[in-house]
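Q: What follows is each chain in one-letter form.
Protein chains: 2
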Amino acid sequence: MSILVIGSVALDSVETPFGKREEILGGSATYFSIAASFFSKVNIVATVGEDFPKRYITLFRNRNIGIEGLSVSPGKTFRWKGRYDYDLNTANTISTHLNVFKDFKPHVPRPLRDSEFVFLANIDPVLQYSVLEQVKRPKLVACDSMNFWIQNKRKDLERLLDKIDILLLNDAEARQFSGESNLIKAAQFIISFGPKAVIIKRGEHGVLYFSKGSHFVAPAYLLESIYDPTGAGDTFAGGMMGFLSKSKKLNESAIRKAIIYGSIMASFTVEDFSVNRLLEISAKDISNRYSHFRKITKFG
Amino acid sequence: MSILVIGSVALDSVETPFGKREEILGGSATYFSIAASFFSKVNIVATVGEDFPKRYITLFRNRNIGIEGLSVSPGKTFRWKGRYDYDLNTANTISTHLNVFKDFKPHVPRPLRDSEFVFLANIDPVLQYSVLEQVKRPKLVACDSMNFWIQNKRKDLERLLDKIDILLLNDAEARQFSGESNLIKAAQFIISFGPKAVIIKRGEHGVLYFSKGSHFVAPAYLLESIYDPTGAGDTFAGGMMGFLSKSKKLNESAIRKAIIYGSIMASFTVEDFSVNRLLEISAKDISNRYSHFRKITKFG
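Sequence order for the protein chains is A and B.
Quick note: the first sequence, position 224, residue 224 per the numbering used here, numbers continuous.
Quick note: the second sequence, position 210, residue 510 per the numbering used here, numbers continuous.
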């Protein structure tokens, strides 16, 4: 069951209270695909510039991540520069240079059009929609979005919602889209536009999953040290979609387990800069942390 | 297994985005005792003024809450006036009139000195300590505190910590006491002063329980409407201590269950002003919500 992700592959410069790194591997499709690669074959659709380091291409290849849809465009790679203060929940953007990403028009190579699991990372909803026009009949489509698109491309986002299965966004964005401060009401409002489910990400407070008339509350895995929260949301999505792609059924029980796997993958990502921690861990580390998660949330 | 609570019985005036109430029944011992009364016999040690409405005394009596230790002092009852904005997590105090509570010296009547479960609600740690000098050999002592005492009576609070089993405080207070921004480290620091466990309250994000080398993460029960968060923390403590007082063992498994019962009781309190919602519910409502809580947090 292969997974397709459309998003960004970028070079990030990040500063947190615990350190500073320049031009490290980043981007939504990067975090997503490395997390998902622990479970299934993933293919990236994205674009980078001619300056994109070869060693990162090798990194994707070594993890069996498909880069047939990763095009190299004339110009420079997308760059993001940001800072986190002690409140690690909020990223302060210092600069964004879209570079080659500015004219990105996702093109899904023919062999990838029958992908069964599709993740539309946070880009213009018009482009996200164009991907759905290219793929055939995916089993599950999940989609991320953000305040900028809710504000500036609301109609396009609404049109997209009717075509997807799961929308992911954070609590402030759910409130913004719905005009409801209560998250149960906000989620039900969003579901009225068509998606089967909404996942509300709350950073260190975990995630809420809503389907029509049902919900699931998952705390985040508690950590002793968080170095860099960049990519946590996309890693979460990668772990979740990865687990689902291996699951026999796509019912709520599978989705709940997938959400915990997503949380676990995100808990590793934030323990170091870039994808460094994800590159260190093994399947055993993931299953150990899953067992520990069960242990610390269990009650009679 | 009777429970003893030392705290305040007050008249509150509260304004939230959803309404306004004047001179309604409030105070930490009030919320605690009504929540705990669903499980066990509770006795209050507190003081009120001569103006305290008789109907509230009747209310305590009707719920079999012991008021032998509730003295009537010359003067007026403790009054608190506060406002909540849309961020219901933060109370903005408009005025506090301690009145008869200013000279409150907790006196535990002789028949209550062998109480097995003792809750020291948030008052001066010197007074909390004086209660422990009066009671005999309680099975379990839990204690609440706040930023004001951490700042102004730190030594007294440290002395108290060595005598109690469970400290309850919110996340900001745990960070303030420990100087650690990470809550795992903050909790372990607090435990080094003597308590067996620390419970960190995170409002709508639930609670964290820490004992030496172990922890438990409990989300809050999701609600469609929250009217007034006043008293949620003391209600939580009441539900928790109430459940524990009926439990055969006081091991971590029992404490985890008790924490969920505490969260459930608090979820009722915030659904209306004062203790109104608690007065409406039955044991069946509590067990239904407990079952639902299990359902919405379960994963494979």
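Any given hint might turn out to be false.
[What the hints assert, rightly or not] Straight-line distance between alpha carbons at most 20 Å, and here's what the computed EDC-like set of lysine to aspartate or glutamate pairs gives:
no.: 1; chain 1: B; residue 1: Lys485; chain 2: A; residue 2: Glu271
no.: 2; chain 1: A; residue 1: Lys185; chain 2: B; residue 2: Asp385
no.: 3; chain 1: A; residue 1: Lys185; chain 2: B; residue 2: Glu524
no.: 4; chain 1: A; residue 1: Lys185; chain 2: B; residue 2: Asp572
no.: 5; chain 1: A; residue 1: Lys185; chain 2: B; residue 2: Glu552
no.: 6; chain 1: B; residue 1: Lys485; chain 2: A; residue 2: Glu224
no.: 7; chain 1: B; residue 1: Lys485; chain 2: A; residue 2: Asp85
no.: 8; chain 1: B; residue 1: Lys512; chain 2: A; residue 2: Glu224
no.: 9; chain 1: B; residue 1: Lys595; chain 2: A; residue 2: Glu252
no.: 10; chain 1: A; residue 1: Lys185; chain 2: B; residue 2: Glu571
no.: 11; chain 1: A; residue 1: Lys298; chain 2: B; residue 2: Glu571
no.: 12; chain 1: B; residue 1: Lys485; chain 2: A; residue 2: Asp87
no.: 13; chain 1: A; residue 1: Lys136; chain 2: B; residue 2: Glu322
no.: 14; chain 1: A; residue 1: Lys153; chain 2: A; residue 2: Asp103
no.: 15; chain 1: A; residue 1: Lys295; chain 2: B; residue 2: Asp585
no.: 16; chain 1: B; residue 1: Lys485; chain 2: A; residue 2: Asp272
no.: 17; chain 1: A; residue 1: Lys212; chain 2: A; residue 2: Glu133
Everything labelled a hint here was simulated from the structure, so no lab data went into it.
What you are looking at is a predicted structure, and each value in this text was computed from that prediction instead of being measured.
Q: Can you confirm whether the C-alpha distance between lysine 185 of chain A and aspartate 385 of chain B stays at or below 20 Å?
A: Status holds; Cα separation ~19 Å.
Q: Verify the proposed pairing of lysine 298 of chain A with glutamate 571 of chain B, using a straight-line Cα cut of 20 Å.
A: violated, 26 Å
Q: Does glutamate 252 of chain A lie within 20 Å of lysine 595 of chain B when you go C-alpha to C-alpha?
A: holds, 12 Å
Q: Mind checking the alpha carbons of lysine 485 of chain B and aspartate 87 of chain A for me, to see if they're no more than 20 Å apart?
A: holds, 16 Å
Q: Under the criterion that the straight-line Cα-Cα distance not exceed 20 Å, is the pair lysine 485 of chain B, aspartate 85 of chain A satisfied?
A: holds, 19 Å
Q: Is the straight-line distance between the alpha-carbon of lysine 512 of chain B and that of glutamate 224 of chain A 20 Å or less?
A: holds, 15 Å
Q: Taking only the CA atoms, is the gap from lysine 485 of chain B to glutamate 271 of chain A under or equal to 20 Å?
A: holds, 16 Å
Q: Within a Cα-Cα threshold of 20 Å, do lysine 185 of chain A and glutamate 552 of chain B meet the stated pairing?
A: violated, 35 Å
Q: Is lysine 185 of chain A within 20 Å of aspartate 572 of chain B, Cα to Cα?
A: holds, 18 Å
Q: Lysine 153 of chain A and aspartate 103 of chain A: Cα distance at most 20 Å?
A: holds, 17 Å
Q: Given the proposed pairing of lysine 295 of chain A with aspartate 585 of chain B, does the C-alpha separation stay at or below 20 Å?
A: violated, 28 Å
Q: Taking only the CA atoms, is the gap from lysine 185 of chain A to glutamate 524 of chain B under or equal to 20 Å?
A: holds, 7 Å
When each numbered hint is compared with the structure, violations occur for hints 5, 11, 13, 15, 17.
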